[in-house]
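Novice: Could you put together the complete structure from these sequences and hints?
Chains as they are written, first to last, in this note's numbering: chain A, 84 to 372; chain B, 84 to 372; chain C, 84 to 372; chain D, 84 to 372; chain E, 84 to 372; chain F, 84 to 372.
In short, the hints are calculated from the structure, not lab data.
Given that identical chains are not distinguished, each listed pair holds provided it fits within a single copy or across any two copies.
No more than 30 Å apart at the CA atoms, straight line, and that leaves these computed lysine-lysine pairs for DSSO-like:
1) K98 - K225
2) K120 - K98
3) K225 - K120
4) K294 - K120
5) K120 - K156
Number of protein chains: 6
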Amino acid sequence: MQHVEMLIEALPYIKRFAGQTMVVKYGGAAMLDESLKAAVMQDIALLHYVGLQPIVVHGGGPEVSDAMARMGKTPQFVSGLRVTDSETMEIVEMVLAGKTNKGIVAHLNQQGATAVGLSGKDGNLIVAEQETSKGDIGYVGKVVQINPQLIHTLTRDGYVPVISSVGIGRSGESYNINADTAAAALAAALHATKLILMTDVEGLYRDFSDKSSLISTLTLDEARLMMSSRQIDRGMIPKIESCITALDGGVARTHIIDGREPHALLTEIFTDEGIGTMIYDPAREEINE
Amino acid sequence: MQHVEMLIEALPYIKRFAGQTMVVKYGGAAMLDESLKAAVMQDIALLHYVGLQPIVVHGGGPEVSDAMARMGKTPQFVSGLRVTDSETMEIVEMVLAGKTNKGIVAHLNQQGATAVGLSGKDGNLIVAEQETSKGDIGYVGKVVQINPQLIHTLTRDGYVPVISSVGIGRSGESYNINADTAAAALAAALHATKLILMTDVEGLYRDFSDKSSLISTLTLDEARLMMSSRQIDRGMIPKIESCITALDGGVARTHIIDGREPHALLTEIFTDEGIGTMIYDPAREEINE
Amino acid sequence: MQHVEMLIEALPYIKRFAGQTMVVKYGGAAMLDESLKAAVMQDIALLHYVGLQPIVVHGGGPEVSDAMARMGKTPQFVSGLRVTDSETMEIVEMVLAGKTNKGIVAHLNQQGATAVGLSGKDGNLIVAEQETSKGDIGYVGKVVQINPQLIHTLTRDGYVPVISSVGIGRSGESYNINADTAAAALAAALHATKLILMTDVEGLYRDFSDKSSLISTLTLDEARLMMSSRQIDRGMIPKIESCITALDGGVARTHIIDGREPHALLTEIFTDEGIGTMIYDPAREEINE
Amino acid sequence: MQHVEMLIEALPYIKRFAGQTMVVKYGGAAMLDESLKAAVMQDIALLHYVGLQPIVVHGGGPEVSDAMARMGKTPQFVSGLRVTDSETMEIVEMVLAGKTNKGIVAHLNQQGATAVGLSGKDGNLIVAEQETSKGDIGYVGKVVQINPQLIHTLTRDGYVPVISSVGIGRSGESYNINADTAAAALAAALHATKLILMTDVEGLYRDFSDKSSLISTLTLDEARLMMSSRQIDRGMIPKIESCITALDGGVARTHIIDGREPHALLTEIFTDEGIGTMIYDPAREEINE
Amino acid sequence: MQHVEMLIEALPYIKRFAGQTMVVKYGGAAMLDESLKAAVMQDIALLHYVGLQPIVVHGGGPEVSDAMARMGKTPQFVSGLRVTDSETMEIVEMVLAGKTNKGIVAHLNQQGATAVGLSGKDGNLIVAEQETSKGDIGYVGKVVQINPQLIHTLTRDGYVPVISSVGIGRSGESYNINADTAAAALAAALHATKLILMTDVEGLYRDFSDKSSLISTLTLDEARLMMSSRQIDRGMIPKIESCITALDGGVARTHIIDGREPHALLTEIFTDEGIGTMIYDPAREEINE
Amino acid sequence: MQHVEMLIEALPYIKRFAGQTMVVKYGGAAMLDESLKAAVMQDIALLHYVGLQPIVVHGGGPEVSDAMARMGKTPQFVSGLRVTDSETMEIVEMVLAGKTNKGIVAHLNQQGATAVGLSGKDGNLIVAEQETSKGDIGYVGKVVQINPQLIHTLTRDGYVPVISSVGIGRSGESYNINADTAAAALAAALHATKLILMTDVEGLYRDFSDKSSLISTLTLDEARLMMSSRQIDRGMIPKIESCITALDGGVARTHIIDGREPHALLTEIFTDEGIGTMIYDPAREEINE
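Specialist: Written out as structure tokens, the structure reads:
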């Protein structure tokens with residue numbers, strides 16, 4: 084009986100988000116630990132079944148490095164970006180689109196939420212060009228256009244899209260895209276209600292050396308201020324940038340959550356307190372209510 | 084966190100019944116007690132939001148007797164059936180279609196599941212003729228035809244139908260129909276997965292004087308046998324008959340549950356044990372699996 | 084042969100109004116006299132069959148007072164509005180939604196125009212709040228919002244909606260709404276071509292003590308002027324107000340017709356002279372032609 | 084007022100035939116006399132507007148002979164069939180498809196029923212081959228296949244199809260088809276409710292020399308018997324044959340009516356007595372009721 | 084093998100024009116010579132099958148004059164326009180709608196592209212009024228309105244429309260319309276990508292007495308200038324005017340091609356050089372790219 | 084001009100196959116040689132644009148062996164089947180789904196035919212179980228079910244599906260499936276008109292040591308006979324088996340073509356002679372014609 088009362092408590096959240104699109108960047112520990120992985124897959128299947136529209140975006144850094152090692156290549160990084168020569172790009176694409184992506188698809192199918200795995204090449208979903216701000220580091224790309232029609236084709240017929248963060252260039256070449264960035268661009272193009280980034284930290288800290296300074300909610304203006312004042316831990320910079328991009332693109336709320344917590348996703352969506360750090364635009368919030 | 088784990092436990096049931104029609108006969112204590120009523124309304128709204136298709140059928144005996152008393156009429160019964168002269172029929176219809184029905188509709192709307200109240204007259208939904216097996220007891224009717232198109236019209240656009248058990252005769256006259264019977268006929272016509280009858284007892288007892296003999300599951304054949312051996316408490320007879328009618332009409336499973344238990348409906352649908360007594364046809368069960 | 088020539092005479096009107104929505108406030112003598120009632124039902128069925136879209140709105144004052152009397156309650160009125168305590172509201176709703184409404188539905192079904200009876204609670208059709216302009220007279224409401232989706236759901240599948248003038252409050256409570264007012268609000272929300280109010284008078288008189296002063300057509304400006312100059316019989320005030328509301332809301336033409344004349348409805352729609360008083364906005368008229 | 088009561092009398096027929104297809108062979112005096120022509124056009128427009136689906140099929144014998152005369156050709160007939168050399172066929176097609184057909188279309192458009200004129204070539208509607216039973220009389224054809232898709236395309240969007248009785252051969256050549264025959268084949272292919280043949284006689288006579296022996300209704304078996312007993316006036320033979328073909332093809336009722344009577348079409352459809360001679364299959368009649 | 088390589092060369096053009104509407108004015112030598120006619124029919128069938136949407140518009144001057152001669156009438160012309168009394172109009176319509184049009188339809192059907200022949204009367208497609216700029220020359224009309232819905236109805240279901248240039252007046256009377264003009268008006272109303280006029284000249288000459296001065300492309304401004312400077316051969320004036328009308332109405336490109344060349348149509352559409360003279364608006368061209 | 088005449092020659096084939104599904108197994112030399120690859124991609128894009136529905140299925144043996152070598156693993160084969168331990172399966176899947184598949188997708192996108200790359204896991208497209216007929220050789224699978232819904236979802240919206248021959252087991256595990264076998268199963272499930280297997284031989288030889296004995300057409304019965312008489316080169320056995328499976332499953336014709344010939348695909352489809360060996364069922368052929 085306690086069981087069903089819990090369901091009743093979730094009812095207001097189910098109603099509130101019915102039919103809405105949630106872009107989830109899946110990554111970090113939740114991708115490596117089998118038990119966390121299973122919990123995420125259940126969460127996504129549940130979102131699907133109670134009438135929300137989850138879209139999964141993933142990278143797969145550790146698996147790429149592992150495959151490179153097996154092929155005798157040593158990964159190199161410049162400013163946190165993987166130097167990606169054409170051989171490396173081929174390995175990145177094989178691992179992301181051929182292994183990680185299809186693994187997630189198989190897992191979701193097992194949970195009863197029929198999934199379709201895509202890369203940014205499929206349906207010209209993520210058009211990219213070379214990222215040159217850090218010099219020439221090869222096939223590292225930035226998003227220049229999202230063609231979201233394929234996602235609508237699939238979700239209209241009840242499939243859960245799972246997207247690996249590989250972009251397609253104007254000549255058909257592949258680009259390695261940061262998965263947070265890809266998720267943000269997709270969230271904006273799909274007019275998603277939420278962008279949720281799964282990380283391996285609790286959230287954003289006001290002072291990143293002080294674990295007690297976790298920020299629960301942050302306005303878009305405050306986030307911009309923190310970015311310019313360089314108060315942010317380097318690893319968090321692309322995540323905050325992705326949140327800002329998504330908010331600027333019309334997404335209502337963005338979340339940085341701790342993927343090390345089982346069912347962090349459902350906790351964020353189906354409880355009032357949520358979890359991690361929410362960055363939002365108070366101006367738009369008023370309009371929505 | 085405990086909260087969301089409970090949601091995950093419900094996932095298999097949500098998947099299993101997604102898109103399926105459940106006809107719920109709402110009545111008894113669950114209709115009179117405000118807190119039980121609120122729990123039922125939440126249950127139905129939840130079924131709606133997690134993708135099932137609930138159809139509510141109700142009677143309203145106590146409210147009818149009450150209104151008759153206020154109008155100076157004394158209810159009379161023959162073999163458990165209300166003797167229904169034309170003045171009584173008018174009161175029955177006013178109470179069921181004008182008070183009870185619209186009360187349920189308002190409650191469901193408050194829970195966010197937009198409801199539409201109907202009687203068997205609307206869209207010629209329940210065509211009836213006089214029940215003459217107990218002699219002439221007036222406008223007591225039996226179902227001769229269900230025209231389910233109106234229900235499909237409403238559910239296709241996301242409404243929850245709430246149906247009062249009044250039938251329409253060939254000349255437009257009204258008939259007082261037993262709500263269990265009406266629910267069974269609707270469940271068959273709608274090819275429902277389940278018919279669930281809310282009662283004020285725990286379920287069916289093998290020996291109705293022995294509360295420890297509650298039957299958890301019963302096959303259609305066993306139910307027929309019990310009916311013929313007159314082992315059944317008189318008040319349960321129309322309920323068992325309704326279950327048999329529904330099973331014969333193609334409904335997969337029928338349930339007699341205890342409406343005095345809060346959230347009995349969700350407990351029946353979203354737990355393995357279920358609650359109350361299930362009557363089913365093992366022959367069809369095998370086909371389904 | 085004469086018979087079919089009459090049909091041919093109706094052809095221009097049938098063409099002109101094909102597919103258009105006509106909101107008909109049904110009430111007064113035409114609701115009480117069985118032969119007038121039968122004629123109105125035929126008229127509505129014919130409108131339906133020749134391709135117009137009739138929407139019926141009704142009140143039911145005399146039946147409410149009668150039921151109150153049977154329950155030992157004495158109706159009270161303030162400025163023509165029924166003082167409506169919660170017990171009275173329950174009686175109003177039972178009578179309108181449970182008796183009058185379902186009676187009209189059964190009659191239309193007999194005429195072959197399959198009808199669905201609704202109150203303003205169904206599908207949150209008529210959202211209301213307390214009318215306080217005359218002090219606190221209980222559950223007397225004014226319309227705050229029309230949610231017309233349910234009407235479109237039903238008419239798209241060929242049903243004739245019949246609506247009792249009960250509104251639903253923000254907390255699910257019931258409100259007694261003037262049927263002319265409800266009809267006007269529905270006509271505006273449904274972008275109806277005509278609002279037709281059936282009354283027990285010939286129409287509007289320029290001087291209400293002089294029966295020879297019947298007004299055939301009146302512009303919106305003239306109607307406003309008459310309202311401000313207090314030339315109008317008190318009983319007509321809510322009707323004129325309803326017409327003005329509908330015209331302001333975009334309805335093309337409004338009509339006050341004499342329900343005591345058999346087939347007044349068809350006469351208004353299918354003859355050049357029409358019947359009763361038409362109030363219209365000449366500015367919009369020019370645009371339409 | 085009398086006016087609208089007449090409309091009410093038509094209501095049962097309007098209901099009965101709502102949405103049903105009526106194939107009308109238009110010809111004879113009704114095509115030549117301007118006032119009869121105007122009446123037929125009104126009738127068809129009315130059928131369209133009150134929700135039936137009229138399909139007009141026409142020939143045009145007198146106009147063809149007239150055009151031939153103007154071009155210096157003398158019509159020749161064998162067993163009532165026009166000997167049709169290729170030059171004659173060209174004239175037949177020009178007159179039927181270019182003059183008669185477009186004249187009917189313009190007339191119907193004027194009545195507000197937007198028409199589309201077709202010959203059997205359009206959309207390969209009427210596939211024909213040479214009629215050889217009377218020897219080689221040129222491009223006289225018999226129907227070998229009806230492709231009704233084009234008719235469905237047009238009626239779905241509200242157009243009234245007007246079809247001239249020209250068939251298309253396997254090599255694209257034209258064939259002159261008897262219009263009664265073409266109408267019967269179309270009625271069967273379109274699963275029409277009625278086939279109505281407009282003629283210049285009152286109907287079928289039991290003894291064609293005795294005008295008082297007009298037959299009101301005739302069963303399919305009786306019609307077959309009369310055909311074999313050679314009791315029928317030669318001009319009526321192709322009409323009776325067309326009726327039998329249509330009945331064998333599933334049409335419910337067939338009618339031979341007197342096109343010299345104004346509004347004979349409406350009289351047949353909208354009165355109980357009908358007009359002219361009805362040939363029907365009593366076996367099927369029972370099934371329908 | 085050479086065969087299929089040719090197909091590959093057409094691929095870019097097929098892609099570029101996929102789904103686009105091409106209005107083709109068919110006339111001149113290509114209509115009279117059987118082998119050219121066959122080639123045009125193949126071209127149109129191919130356009131249809133590779134996913135373009137051809138719309139054929141035709142006149143039929145020589146056939147009209149021929150029929151008039153056979154009926155003993157002598158054609159008269161004023162400023163290149165046929166003086167069209169009512170008898171002449173009847174002949175024009177019979178020839179265009181009854182002979183030429185149905186001949187094209189039969190030809191296209193043979194090629195596997197199912198065609199439907201229309202005149203401007205069908206579906207009120209081309210509404211016209213008397214052309215009075217050259218005085219009263221009878222039933223010569225100018226286009227006042229295009230009602231393109233019928234074309235959409237037919238193309239949505241895969242038919243190729245073939246339209247004879249006859250217009251319908253406000254009273255249903257027929258008008259003889261220049262086929263180039265009709266094609267231009269249809270191209271604008273259908274938002275066609277191209278208007279292609281088949282003529283019996285190579286194209287437009289800068290100096291019409293010098294065959295070496297053929298113009299390959301011409302801007303809208305240049306065309307207007309040439310028109311005002313009277314440099315254009317009289318027979319070309321209505322063609323240039325039609326191109327200007329179409330361009331002003333939003334058509335992207337207009338072409339005057341030489342119908343005496345077999346497969347001129349495909350050559351224009353499926354090669355870079357094209358053929359004949361293209362008149363286009365460079366301003367719009369930039370927007371399109 | 085010659086150019087467009089070639090297009091006209093293809094018209095009969097374009098008509099014949101319009102809207103039909105062609106499953107193409109892409110493999111062998113045509114996958115390794117860049118210029119052959121480009122020609123195949125053009126062919127598929129052309130099929131798409133002229134209205135056929137190509138479905139591409141691919142394996143990728145040489146690329147798999149190459150990747151294994153780079154990862155220090157030595158491929159092992161039993162009866163022509165790759166022994167597939169779990170590490171090998173991971174490499175197979177990465178290469179097929181992550182490299183080969185996305186490479187084909189990018190190529191087709193460049194040709195303007197928007198493609199979507201899938202493995203048998205996506206949408207549970209190819210359900211498989213372990214192939215045990217050759218003993219336990221690991222994750223080598225056989226098809227147990229095709230769920231073709233995802234393919235219909237994609238083709239309805241104009242995408243070209245590209246499928247790598249990986250199957251999904253009941254527990255979500257991956258299986259390595261022979262690409263010919265997968266193509267045959269898909270062709271049957273999709274009711275394809277043709278299954279076309281691209282190979283590195285000219286076709287099937289009656290005597291495989293005699294290159295002059297190439298078989299142009301073979302009936303299903305003859306194919307079965309050749310299989311049982313062991314006349315067939317070992318490498319051809321799975322191809323013939325796939326053809327037989329597809330024919331038994333309802334595919335009309337199957338083809339073994341020489342992928343070393345540029346544009347072999349178009350040559351097979353768009354010429355009368357075709358190329359390679361066709362295996363078909365004469366019994367069904369007659370039904371089709």
